[in-house]
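Novice: Residue-level listing of the chains:
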Amino acid sequence: MRISFVRVILYLLMTVGALLFLMPVAWMLVMSILPESEIFQPVPHWIPQEPTLQNFRELFKRAEEAPVMRWFWNSLFVAGTGTFTYLLLSSMAAYAFSRLDFPGRNVLFFVVLSTLIIPGQVTIIPVFLILQKLHWFNTYYALIVPGLAGAFGVFLLRQFFLTIPREMEEAALIDGCGRAGIYWRIILPLSKPALATLAIFSFLGGWNDFMLPLIATNEIEMRTLPVGLTIFLGRYSMQYGLVMATAVIATLPVLVMFLLFQRHIIRGVVLTGLKG
Amino acid sequence: MKALSLPAQKRHEALVGYLFIAPYLVLFVAFVLVPVVWGYFISLHNWHVLGDQKPFVGFANYRALLRDDLFGIALLNTGYFALLTVIPGNVVSLLLALGLNARIRAENVYKAVFYLPVILSVAVVAIIWRWMYSTEFGLLNYYLKLLWQMFNLPGEFQPVPWLNSPQSAMPSLALMSIWWGAGGNMLIYLAGLRGIPEEYYEAARIDGASTWGRFWHITLPLLRPSLLFCLVMSLIGSSQVFGQSYILTGGGPHYSTLTVVLYMYQTGFSLYRMGYACAVAYVMFVIVLGFTLLQFRLLSARGEE
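Here the protein sequences line up with chains A and B, keeping their order. Using the working numbering, you'd call the opening residue of the first sequence number 5 and step up by one each time. Using the working numbering, you'd call the opening residue of the second sequence number 33 and step up by one each time.
For the record, the hints were derived by calculation from the structure and aren't laboratory data. No experiment lies behind these values; they were computed from the predicted model shown. Built from N, CA and C at the ideal position, the CB exists for glycine as well. Careful: at least some of the hints might be erroneous.
Unchecked claim - Below, in silico cross-link-like pairs of lysine to aspartate or glutamate (EDC-like), each with a Cα-Cα straight-line distance of 16 Å or less: (1) Lys137/A - Glu188/B; (2) Lys177/B - Glu188/B; (3) Lys42/B - Glu223/A.
As the list claims (entries may be wrong) - Over 10 Å on every C-beta distance to chain A, these chain B residues come out as not near it, computed from the model: (4) Leu38; (5) Ala40; (6) Ile53; (7) Phe88; (8) Phe91; (9) Arg95; (10) Ala155; (11) Asn196; (12) Tyr232; (13) Arg237; (14) Ile250; (15) Arg256; (16) Arg329.
Hey, can you work out the whole structure from these sequences and the hints?
Specialist: Written out as structure tokens, the structure reads:
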């Protein structure tokens with residue numbers, strides 16, 4: 005009897021906790037389909053009397069002053085292209101660091117590795133000045149390229165490549181396969197789990213990034229969704245349904261990704277200490 | 033394929049190695065290495081974006097920081113934010129992990145719900161909580177009022193001003209940040225808990241240890257590596273807090289949520305004083321570096337035992 009009582013309390017606490025954690029996100033979803041008349045109410049309308057997609061329609065009508073769809077595509081392009089390029093460049097470097105012998109390799113790897121402890125915000129001002137010198141301000145290059153230089157991918161993939169037995173490559177070498185062939189046909193296919201984990205976190209990071217797009221752009225057309233959202237907040241503070249609808253648009257892609265790759269993400273956090 | 037002599041083979045391998053590494057290395061140099069060194073160089077100059085002259089001033093920017101009241105406030109505020117988030121946040125994460133570890137049904141559903149906020153952008157988080165914290169229409173004040181009436185507390189319920197008063201603004205940002213991030217550490221703690229062998233608990237149970245005793249003498253000591261890792265990572269993360277106050281409060285009211293990174297941003301991108309902003313960035317870097325070295329020490333000390 006005593007055991008089951010403890011379990012009831014446990015479930016009760018966990019469920020209350022889960023509801024508290026869920027409430028803010030659930031309220032965002034509900035609010036995005038509330039008509040304006042139901043938003044400013046003394047009692048929150050958890051179940052809308054007249055659910056409507058008016059807020060979303062209104063967003064498209066205002067594309068001129070608030071190009072939400074453009075921001076959406078910017079975010080998707082930046083996160084997608086960034087992820088693909090990051091995986092390619094990091095895996096190439098990781099392959100060289102783990103398998104090829106060349107003078108200066110260990111020193112280089114140590115330098116790359118040691119920059120992992122530098123917070124991105126420390127370098128944001130020089131990065132901004134470099135982007136200006138390159139005339140990349142307000143371009144996709146500015147939104148994508150600085151993020152490709154992070155050392156984490158090289159580090160993670162090198163660790164993974166080191167666990168792949170060398171015998172497989174030696175056989176391929178004897179068969180006349182070049183280094184590039186080994187990288188492309190043996191190492192990469194065998195590293196799918198590590199590449200997938202890195203891809204998910206890289207995409208989430210690119211989609212959600214706030215500081216780089218904030219300083220690398222100032223044209224409204226070149227903003228990404230997170231920065232666009234904050235512009236909205238200032239402009240439509242009295243039309244919160246519109247703001248919430250935009251927040252939903254900014255959330256849905258990562259929400260779908262989370263539901264699809266939940267197990268990958270959870271395992272990735274534990275393996276790498278990354279938190280998304 | 034023509035067989036190469038051994039030295040030629042070595043040269044070939046080195047060449048291939050450089051080719052593989054070159055694309056990444058170019059970007060690494062341009063956007064990590066050069067910025068780190070150049071940032072320090074800039075911090076030694078009076079570097080106004082619009083000015084023609086960028087005179088060298090030595091450590092004048094750092095000396096000025098020592099006398100800058102706003103920077104002092106920003107440091108204190110950031111420390112206050114760390115105090116409000118690091119330990120309470122890790123307690124929440126650990127409690128959630130302990131709950132998940134108790135072999136409950138639908139564990140994956142609970143796990144997903146607690147982790148969900150982590151995948152959101154700081155902008156989305158801020159927008160949701162701006163409404164949660166609304167004094168008049170916010171959900172928090174609404175439910176607090178309900179609780180107040182339910183328990184027949186004396187007097188009229190006074191709405192909490194949350195983001196609007198200097199006393200409650202920073203705690204509000206901290207509460208929001210704990211909600212946002214608790215799921216990440218929860219997963220690390222859960223993995224740590226799952227790594228503790230069941231036999232230890234069996235033995236303790238036979239010896240008649242209480243639940244609390246088992247937690248205190250088995251769980252916590254064996255969870256030490258996870259605890260250290262999560263605590264220091266939270267500390268490092270919280271010393272870089274930016275988006276929350278940039279979006280929700282702009283550092284106000286009365287500078288009560290002005291943080292170090294927000295101050296750096298404002299100095300650099302509103303006042304265009306890049307030299308001074310870089311000095312702020314480097315002071316922050318040294319602090320974070322200190323925490324990182326502390327972590328290395330703590331973790332390696334553990335390994336030697």
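Novice: Does each hint hold? Answer for all of them.
Specialist: Outcome of the hint check:
At roughly 60 Å between alpha-carbon atoms, lysine 137/A and glutamate 188/B are farther apart than 16 Å, so this suggested pair is violated. Of the supplied pair hints, the one linking lysine 177/B and glutamate 188/B holds, its CA atoms being roughly 9 Å apart against a limit of 16 Å. Annotation: proposed proximity of lysine 42/B to glutamate 223/A is violated, straight-line Cα distance about 51 Å (limit 16 Å). The claim that leucine 38/B lies off the interface holds: its Cβ sits roughly 12 Å from the closest Cβ of chain A, which is beyond the 10 Å cut-off.
The beta carbon of alanine 40/B sits about 14 Å from the closest Cβ of chain A, which is more than 10 Å, so the claim that it is off the interface holds. Non-interface status of isoleucine 53/B relative to chain A is broken: a Cβ of that chain comes within 10 Å, the nearest being about 4 Å off. With a cut of 10 Å on Cβ distances, phenylalanine 88/B stays outside the contact zone with chain A, its closest approach being about 17 Å. Against the 10 Å criterion, phenylalanine 91/B stays outside the reach of chain A, whose nearest CB is about 18 Å from its own CB.
Listed as outside the interface, arginine 95/B is consistent with that label: its C-beta sits roughly 19 Å from the nearest C-beta of chain A, beyond the 10 Å cut-off. Taking the minimum C-beta to C-beta distance to chain A, about 4 Å, the non-interface status of alanine 155/B is violated against the 10 Å cut. Asparagine 196/B, annotated as away from the interface, keeps every beta carbon of chain A farther than 10 Å; the closest lies near 14 Å. Every beta carbon of chain A lies more than 10 Å from that of tyrosine 232/B, the smallest distance being close to 21 Å; the non-interface claim holds.
With a closest Cβ-Cβ approach of about 13 Å to chain A, arginine 237/B is found to remain outside the 10 Å limit, as its non-interface label requires. For isoleucine 250/B, the requirement that its beta carbon stay farther than 10 Å from each beta carbon of chain A is met, with the minimum near 19 Å. Consistency note on arginine 256/B: stated as away from chain A, and its beta-carbon is indeed over 10 Å from all of that chain's, at 16 Å minimum. For arginine 329/B, the condition that its CB be more than 10 Å from all CB atoms of chain A holds, with the nearest at approximately 14 Å.
The structure shown violates the earlier hints numbered 1, 3, 6 and 10.
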